[in-house]
Structures are given as C-alpha cells and as structure tokens.
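A.B. asks: Dock chain one against chain two, each of which comes alone in its own frame, and use the hints as you go.
Respectively, the protein sequence lines represent chains A and B.
Under the working numbering, the first residue of the first sequence is numbered 1, with each subsequent residue one higher.
Under the working numbering, the first residue of the second sequence is numbered 1001, with each subsequent residue one higher.
FYI, nobody ran anything at the bench for these hints, they're computed from the structure.
For every residue, glycine included, the Cβ atom is placed at its ideal position computed from N, Cα and C.
A portion of the hints provided could be inaccurate.
Ranges of calculated distance between the beta carbons of each label pair, as one might list FRET restraints [unchecked claim]:
| no. | chain 1 | residue 1 | chain 2 | residue 2 | range |
| --- | --- | --- | --- | --- | --- |
| 1 | A | Asp338 | B | Glu1003 | 32 to 42 Å |
| 2 | B | Gly1133 | A | Asp334 | 49 to 59 Å |
| 3 | A | Leu400 | B | Gly1021 | 24 to 34 Å |
| 4 | B | Ala1164 | A | Leu85 | 18 to 28 Å |
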Amino acid sequence: MRRAARERWKVGRIKWAVDDAGYGHAIYGVDTPGRTYCLVAFSTPLEDSRRTDRVIAEAWDTSYVLYDGIPNTEEIARLRQNAPLQEAGRYCARDLILARANKSVRLFDAVVDALAKGEQPDAALLASVGYLMRTTAVYGNGKFGIADRAEIVGRPELSGPFQAEMLTVWLIRSFTIDLAEHVAQRRAPGRAARLSPHLRRGLGVGNATGLGMAPFLVRHPVLMHNWFHARETALARVRSQPSASGIAQAAFLAALAAMREKVRTWRTADSRQVEAIAALAADLAGLELNAADIMRRAPLPWDALYRFAETNLSLEGQEATIALILEPHGELIDDLADTLAADEDVCFRIDGAMTCGALKALIMQNYAWTRRFDFNQETANARFWYVSAEKLEPRLGERLSEPGAEREQPLAIARDIAALSCALEAEPAATFVADFLLRHPEWRHVIRRAQIVARHPYAEIRDNLIDASMRPIDLLRSKLAFFGASRFDPRSDRWLRISLFAGEPFPEDIVAAQEGEGVS
Amino acid sequence: MTELSLNEVESLAAKVGRGGGFSWGLAEEIGRSARRLAQGGLPWAEALLALAEKAEGMQAPSFAQAEQWRGSRMATRSKARLCPVRAAALLIDDPAILRAKPLHLASVGLPIWIVGMLAASTVADGFQIAWPGATALVGRREVVPEGSSDAWLAPAADVTIAPAAAPSTQPSLLRRALADDAILTALSSFAARIYVPASESSRAKGAGGGNVDEE
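Chain B with its partners taken away, still in its complex shape (with noise of 0.2 Å):
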C-alpha cells in the first residue's frame, strides 16, 4: 500500500479520467470527486480504475432521459449502463432537478461516482444517494458513508437521490489516502495516456536551452 496526499489523489484522477476518454472538464471533475471518496474512506482507487476501464461502455443520459428526470421523476431503463460521471455532471449542472422529491435512476453504471461527483460539487446542502447496500450522505464538501458496505463497488444498479439535511455533526474526514500498489500501477498506465513522449526534440527545447550550470 501507499499513502497518497489529497492532492496527489485529486491530480491522479484527473488525469484517470482524461486518459480514459472523458473531456477535460469532466475530468476536473473525476479529481475532485476522488478526493471527497478518500476523504470519505471510500474505495477511490478501486473505483476510479473501474472508471477508466468501463467509461467506453457506458452511456450518457439522453436529452428524453433528462427531460423524464426534470418532469416525471420515473425511472428510464436504457440497454447500456448509465455513465455515473455524465448523469451526475447534469445533476450538478440543472441541480433543480435533485431539489423537490426523490430521483430514482436506473442501471447506473459504478453508481459510487454519483456519490463523488455530487460531493465535490458544493451543489446543495445534503442529498441521501442510495442503491441496494449501500447509502452515502452527501453535504457540501464532504461524504459520510452510512454503515460499512461491500456494494460501493457494485458495476451497476438503480440509484435513489433524495434531499436530506446536512451531516449534523462534522464528519471526520481523512486527510492522507491509501491505495493498492498494483492498483496504483494500473492507474498509472491510464494517466500516461496524456503525456507525451520524451524525444532528442522535446529534451533539447521543450523545457528550454542550456544545461551544465556555468557559474
């Protein structure tokens, strides 16, 4: 195991999320999150290598699904996955849409970065995100998990949102995070897809001229 800085956890994610597919923006927003699942003691490492080997195949919410959730609130089963990242992206985008009842999405892919998304998104002050075994209380900058659970890295399931007050007492939040060397690893290898490769060209110019201090 290593012990991983926030930052260092945020900063690795964000480049997780790039390298696997999503768009600059979002990935901003995959760091975040990451950070307030660690914070939580969520299994971030886990879920983010999850993340970037399943985004390709999950979806994002239809313009149809997003005027369902705005209006009628019933659950819309699609063929694929719904992408936690792309649906939860909306609810922080039109949060009027978490505001009055219940939201119950269906066949939500990795349903624990709903969790990390709405956390890092200083949205509202408390939701109860839900799905068979596992609850999650989010406020504004935090998440407290209810109970200890094996289902926070479920692949998929049916997720309820719902408005709840805020944590009534400060959670303690962690302050370093911990994760699997291998995972880590693997990690690695996603965030690499945005670096570019060393050449003679980009030694030579890339960082600037000069070398052997003269002085």
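Just chain A, with the same shape it has in the complex (with noise of 0.2 Å):
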C-alpha cells in the first residue's frame, strides 16, 4: 500500500458482466508505474453444502486470477472455463496468482438485505464477522501451471514475499463489497443504499488456513530467518531511541485505541483462544493506562515499554505490544521491508569440506534446544507428516495408529537432528562431510539444513514438530502475522481463520489521498 501511494498506482473496475444475482465475471485493473495487471473475479453460483473452507472443496462461490497485462476476450473465455476449476485447471504464465473465496452466507445476505432496504446493515453483526468473503486458497510460483515467482521476483512493485499474492487479496476484499452492493442494487433499484465509509473501511477479507502452510515455514529456513531478522531487527532499532516525540507518543496510543476496538470484536469458538483473547484485552487496558507514566521516567522509553510488556502481560500482549512500538517507526524502519526476500539457492550447496567433528560443534552449538526431547517417548514422536494423496496436501497422521509412517515427509527437524548427532558419534572426527555423505546420504537434507542454520539464526522453528502436544495452528499464525493477519480463529488445532485488511485503506482511498482529499 506504501508503494501504491508512493506510485500514484491507478486501480479501477474496468469490466463488470454481473447479473442480477451476483453471478458473472469482472475485472478490475492497477496501473503501476511500469506494468498493468488485472485481477479477473468469476462468481458462480454454489450449493450450499458443497461450500467448506477446507482444501477438499471442489468448488467455490468466487475464484480469482492475477493477471499479467489486461486479459482479451480469449484470455477471460479461457479463464472462465479454468479459474472456478482451481486445481482441476491449467494456467499459464500470463497467470501469476490463482486464488478463490466463499461467502461468509449469513453476512453477505444480511448486508445485501439491508442495503436492498435502503439500510446500513447492523455495526454489530459486521463487526462479529469482520468480512464477506474468506478466501480459502492464493497460489502463487508456477502451482497448475501458473507463473514463477522468478518471472515477477524482478519486478519492484511484486518482487517482496507474497506482495502479488497480497494484491490479489487486496482488490478481492474491493469486490466482495462491490458484489454485495451490485445484488443489492439489482433487487432493489434506485433504492437501495451503498454500505457506508464506516463500515465498509472496518470490512476484511477472511482466510481459511491449513496445514499447508505449515511445511512451507519448515522448507524456507532462509526466507524465515530474514523475516524474524527483519523483525528483530526493527525492534532493536526502536527500542534503542533514546526519546519518544509527542507525535510518536500519540501515533503509538492512536494505535493502542485501535486495536482495543478491534480486539473486542474478536469471536472465537476456541476456548483457548477465548481466554488468549481475554488476556490480551486487559492487557492493551494495563498498558494504555501506564504507558504514558512508563515512557516519560525511561531514558529508553520505547525499550521501558517492552520491558513493561515483557514483565507483565501475557505472550498475546506482549506480542501486540512489539506490534504496537513498531507502528509509529516507519521512517526508522520500513528500509527493513527490501530485507525480507530470500534466495535459497545461495545456501543450498552442502560444504564438504567441512569435518564431521566441525559438523558435530556446530549442532552442538545451535540445536541444544532439541536435547529437551526424549525421541523414545510415544508422545514425541506421536506423529507424522504426509502428502495425501488424494487431494496432494500436507496431512499430519497419528504414527501408532495410522498407515503411511514410511512415507513420512522431512519435517521432523528436531527428532533428524537428535539422529543425526548419533550416527556422527560413531564418525571420527576428522572424516570429511563429503566421505560421510557418499556413505549415508540419508543424511544429506539434515547436513544441508544443520549448515544453513548455522549462518542463518532465526532459520529454525525450536519444537517438535511431531509431538502430540504440537498444534499446526501456532505454526499457521506465526506466518499469517507477517501478512498483517487479524481475527486469528482456531477451528480445530489444525485449520483456523483470519482476516486480513481490515481498517486498511481500500484503493480508491489512496486516490482521495493522492488527490489532497485525505485518507479517511
């Protein structure tokens, strides 16, 4: 959004073949200074027992494609006969994010009821669910057939993690709304009402998240690492300013109020998370009503805060406390954004040349952490990670009572480790890495991570990935975090929901700002 802002992108509805239903395709597209891309919406319709949020649906209320350059009347036929498919689809490269969202059905019909009536829907109601839609997939780099990341990584405006992937769900949360107020209109025209600035800033879009995401954290230790340094790294810079101006003060407050009115519209059926949620609405009570005090006897104010935080609330506090520093810092930090991106290759070559006793220190060194598990314990290694292969997917299976343990995917980091340290116990120490590796080359992704993890700190998630007690949704939400994910709902200790976007600008706000007309 900076970038969009900073560029003067234009985006705009450029094709609308909606009927009166909601039914229909259409197009909206974004000028960037350099290239044009288009975000092409089919909405279809769909029983209603055929709509889940889980990856085996075989079909969706909407479906998305970003493309590259503005699609002719070939290209939408051949998106058309595709996208509502998903993966039962083929793309092509002109295709760089495939995505698709289901209505949340009770919202959307009460928001489409009352603004037929020439109503604002009830403030409540929109706040308890927060969006109209959820989508429940965004592909990106090459899935059925769609563009590389490679083919847009060279691009300013898409080259970050996940930035077409954003816009995409950026311009989707533009349609929801638009879809809601077209099937409105056409009930009732002439007077039917349009949803109100209010309400609909305060609108997301939701997300179901699975167990997919999952493996992606364990696969890219180098992307992770240069997210969490970036993080880290941001953090340090603001806590070390040694004073906090009143504008800082009174931005890092506007925000603290924010998110106290966003926090109590958080609903979950949980109750872990219900009680997470508790804590941390007292927690943003204790910190507004101290922060102030905090911060004027501190010599490092923003670092007094985080200490605060630290010392006196819960992990969910502290967490949205960081959130909350960070947010008034943007000069001081935002450069951090460009830092973000990484290249896996570069470290993916094994050094050889290393010795098994070097190779020994250094797990010694940075896997201690892994020693807290006893692998011969059942709920250690309790379970299992798999592809399924009926829908292609990460699945995580019960080892003792489940089949498939022998196709396990490499996940199990910790547990590999813990091997691995006992098959080098036998190795003299002299032996180099590459003798080792033509004897056992079992070993070779673990070796491989072990040296990444060795230049790359933060490259580790430090668990057991497949202890009984391990919940996937802790490892979904620390990803989702970095996509700016609110509204974080369990729905099993594998899947959860989300929202992303909500209280954002939507673009045709930064128009009105561009143009002097302010942000509202």
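C.D. replies: Structure (structure tokens):
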C-alpha cells in the first residue's frame, strides 16, 4: 500500500459483467509505473452443501486470477473455463496468482438485505464476522502452471515475498463489497443504499488456512530467518531510541486504541483462544493506563514499554505491544521490508570440506534446544507429516494408529538432528562431510539444514513438530502474522480463520489521499 | 504435450527422485537439476523417467573411486553403471576434485544428470561436460548445450568434466517446460510413491475437523 500511494497506482473496475443474482465476472485494473495487472474475478452459483473452507472442497462461490496485463476476450474465456475449477484447471505464465473465496453466507445475505431496504447493515453483526468472503487458497509460484515466482521477482512492485498474493487479496476485498452492493441495487433499483464508508472500511477479507502452510515454514529456512531477523532488527532499532516525540507517542496511543477496538470484535469458539483474547484485552487496557507514565520516566522510553510488556503481559499482549511500538516508526524501519526476500539457492550447496567434528560442534551449538525432547517417548514421536494421495496436500497422521508413516515427509527436524548426532558419534572427527555423505546419503537434507542454520539463526522453528501436543495452528499463525492477519480464530488444532486488510484503506482511498482529500 | 511452470518441474522431479529411491536430500537436488535441464532446453522429463526406472541398477561411487578421482584422475571401470546423481553429489560436496584438471568418469549411467546436478550446484564458475555425441557448458545457474544431439539420453557413457570459462554471453534460458503426456503420467506414478492413500480417518482428522461452513 505504501508503494501504491508513492507510485500513484491507478486501480479501478474496468469490466463488470455480473447478473442480477450476482453471478458473472468482473475485472479490476492496476496501473503501476511499469506494468498493468488485472484481477479477473468470477462469481458462480454454489450449493450450500458444497461450501467448505477446507482444501477438500471442489467448488467455490468466487474464483480469481491476478493476470499479467489486460486480458482480451479469448483470455477471459480461457480463465472462465479454468479459474472456477481451481486445482483441476490449467494455467499459463500470464496468470500470476490463483485464488478462490467463499461467502460468509450469514453476513453477505444480511448486508444485501439491509442495503436493498435502503438501510445500513447492523454494525455489531458486521463487526462480529468482519468480512463478506473468505479466501481458502491463494496460490503463487508456478502452481498448476501459473507463472513462476522467477517471472515477477525482478519487478519492484511484486518482488517482495507474497506481494502478488497480497495485492490479489486486497483487490478481492473490493470485489466482495462491490458484489454485495450490486446485488442489493439489482434487487431494489434506485432505492438500495451503498455501504457507509465507515462500515466499508472495517471490512477485510477472511482467510481460512490449513496445514499446507506449516511445511512451507520448514522448507524455507532462509526466508523465515529473513522475516524474523527483519522484525528483531526493527524492534532493536525502536527500543534503542533515546526519546519518544509527542507525535510518536500520539501515534502509538492511537494504534493502541484502534487495536483495543478491534480486539473487542474478535470472536472464536476455541476455548484457549477465548482466554487468550480476554487476556489480551486486559493487557491492552493495562498498557493504555500505564504507557504515558512508563515512557515519561525512562531513558529509553520504547524499551521501557517493551520491558513492561515482557514482565507484566501475556504472550499475546507482549506480541501486540511489539506491533504497537513499531507502528509509529515507519521512517526508522520501513527499509527493512527490502530485506524480507530470500534466495534459498545461495545456501543450498553443502560444504563437504567441513569435518564431521566441526559439524558435530555446529549442531551442539545451534541445536542444543533439541536435547529437551526424548524421542524414545511415544508422545515425542507421536505424529508424522505426509502428503495425501487424494488432494496432494500436507496432512498430519498419528504414527501408532494410522498407516503411512513409512512415507513420512522430512519435517521432523528436531528428531532428525538428534538421530544425525547419534550417527556422527560413530564417525572420526577428521572425516570430511563429503565422505560421510558418500556412505550415508540419508543424512543429506539434515546436514544441509544444519549448515544453513549455522548462518541463519532465526531459520529454525525450535520445537518438536511431531509431538503429540503440537498445535499446527501455532505455526500457521506465525506466518500469517507477517501478512498483517488479525482475528485469529482456530477451528481445530489444524486449521483456522483470520482476517486481512480490515480497517486498511481501499485502492480508491489511496487515490483520494493523493488528490489531497485525505484518507478517511 | 503439457506446458509446465519450472516450479512444477522442480517439484515433480523431487518427488520422482524420492519415489525412485533417492534420499530426501538427493531428491531435492534432482528437483533443482530437472529445472536447470528444462531451462537449457534438454529432455528433462525423459531423463527423469529413465533415472527413476534405472536408479536401482546403478551404484554410488566407492570410497576407493573417490580417492582415485582426488588423486590419479584415471578412469576406474566397475561392473555396474555409476549413478550420476550420487557421483555428481560427491563432486558438488568436494569441488576440489574438479578444480584442477579434467576428470574422466567411466561408465556413467544417464550422464545428462551430471550436467543437471552440476548446473544446480553453483559449485564453480563453469565446466564443460562431454561424452560421445554430447557437450554441455555448465555455468553457475545454467546449462548451455552445444549443438543439438540425440546423445543427451544416452543410457551410459564415459564422461569428461573439465573446468571451463563461464558462458561468455548470458544464455537465453527457457521459462516454461514441455513434457509428453504419457511420460508425465509415468512420472506421476513414481511421484505417487511418496503419497499416503486417503482413509476415512485421514479425511476426517488429517487436515483438521469441521466441514460445511456454518456462517
């Protein structure tokens, strides 16, 4: 969004071919200084019984492609044949991102009903859900034939990790609201209301995320390192500021008030998360009460706030505090956005000239945390990650009671490091890793990882990913947090819902701000 | 024919490598190798199927062979064909073997994989890899086949690897890959060896509970 404002992107609806019932297609164009992109959106009828957030779904209310350029009639016809099929379709290099979203039926219908009556929907109802549609997958990087990430990585506007995906979701948000207003207008031509700017701004796009994201975190160690390194660097810069200007303090307090407002609307049926949200709400109230006092007395005011959170607040409260103290410091930390991308190839080659003794030392130093697990215990070795033949998606199985453990994916890093350590015990310290691997190719991926982690201290999730008590949603949340996700709503221990872009500007708000009208 | 993204090539090849019996780490390298072969316009899909089908019949370099390569650089001929993936993995792990003089490897099975593996390794600036009828220049991240040849899919050959200057001009790498549908089907069956068939239990629990959207 910062780039869109800086570069004066022009975003607008260039095609609207949607019938009275809300089915058809629409195209939103995005003019950047270098290129034009289009979101091509399809809305199709869906029986209620087929509407599911999970990856096992085979049909969706809406489907989307972020297209490279402006599609002609033939291209739109091609996309209409394929996009609603999602994984079952085929795509080409002009198709940058593929996504789909389902209506939050309760809210979508209520909004349409209210608008058709010329009224605004109930604000409390709107806040309780927070979005009109939920994306259930947003695919990039060559999936099903769409463009490889290499195709866009050299384009400044899309070079950051997941920028193309986030642009797609940002545009989907506009489409979901335009669609509801359109259906209301067709139902009551001339009488229907438009959604008020305030209510509109509060709506985001929901997202349902499952296990697929967890293996991604393990398989991209350098990327994960870069993300967490950027965040830690940002935090360190802010904490070391010797003063807090009145403007920065006001921005912090405004962000805190906005967060309190948002947290009030978060709902979940997950009992653990209900408690966490309650604790967070109390934490934020405490922070608001004490912030001015803490900062006034301290030589490093932002550091003092951080330390207050560390000592007094729940984990949720601590993380929220970090987000809040970063908020007023864009000028100090925004450059770190350029450090988020990673080239995993650079670190891929194994250093076979390292000795097994040096490798052992490196593991001792970087993987001491794995020694707290006893993999002879059933609970520590309770699960296995696998890819399902049915949907080609990651799943988690119970090792003792379900078949397939012999086809386990190599994601149990802690266990594998422990096993590698045992294997290395039998090796002379002077043996070169190259020779060890010649005899033991089964350790190749583990040794590669250990060497990568030695240079990237934030690369590893320091937990046992096959433990009986492991909750995959905690892994998903860490990644989603980097996307600015809010409204964390676990639906089981393996999938969850979140919201993106709620409260953030729409493309037209950014245009309005450029024209001096101010972002509402 | 089906057009694939390069990421699909890499992902499929890694699965086929694992399904064909290679370790996870080598399978990762097979995936990256297939991507480089595809970028260089070489027959990656045919080569991948041949690798999966013949992997079991090929053998890794012995420690004695490795020592010979490090020292005398004389070709050592063994009864079984040398596995190109295992041999190239050693050369990647211990690049000193390749740095000075040309290396002669005898009876390498599917030598095209030596090309792919070294191209995916970023091990050094450049190598020329040749066997009767085929020559390829391999740079840090690319393969430049010299001339056209039907020898790329040779089942076995004696291979010479020599240090060479990196390609003088930036080669025009392909950005998409093509594959014959019958070969893709055969590759998919190797890839499927790493999948776990669905059961009622896995459908219900493997990806989490819940089903129809209630909101």
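A.B. asks: Take the hints in turn and mark each one as holding or not.
C.D. replies: Hints versus structure:
1. Asp338/A <-> Glu1003/B: 32 to 42 Å: Holds - the Cβ-Cβ distance for aspartate 338/A and glutamate 1003/B, about 33 Å, lies within 32 to 42 Å.
2. Gly1133/B <-> Asp334/A: 49 to 59 Å: Because 56 Å falls inside the window, the suggested range holds.
3. Leu400/A <-> Gly1021/B: 24 to 34 Å: holds, 26 Å
4. Ala1164/B <-> Leu85/A: 18 to 28 Å: violated, 47 Å
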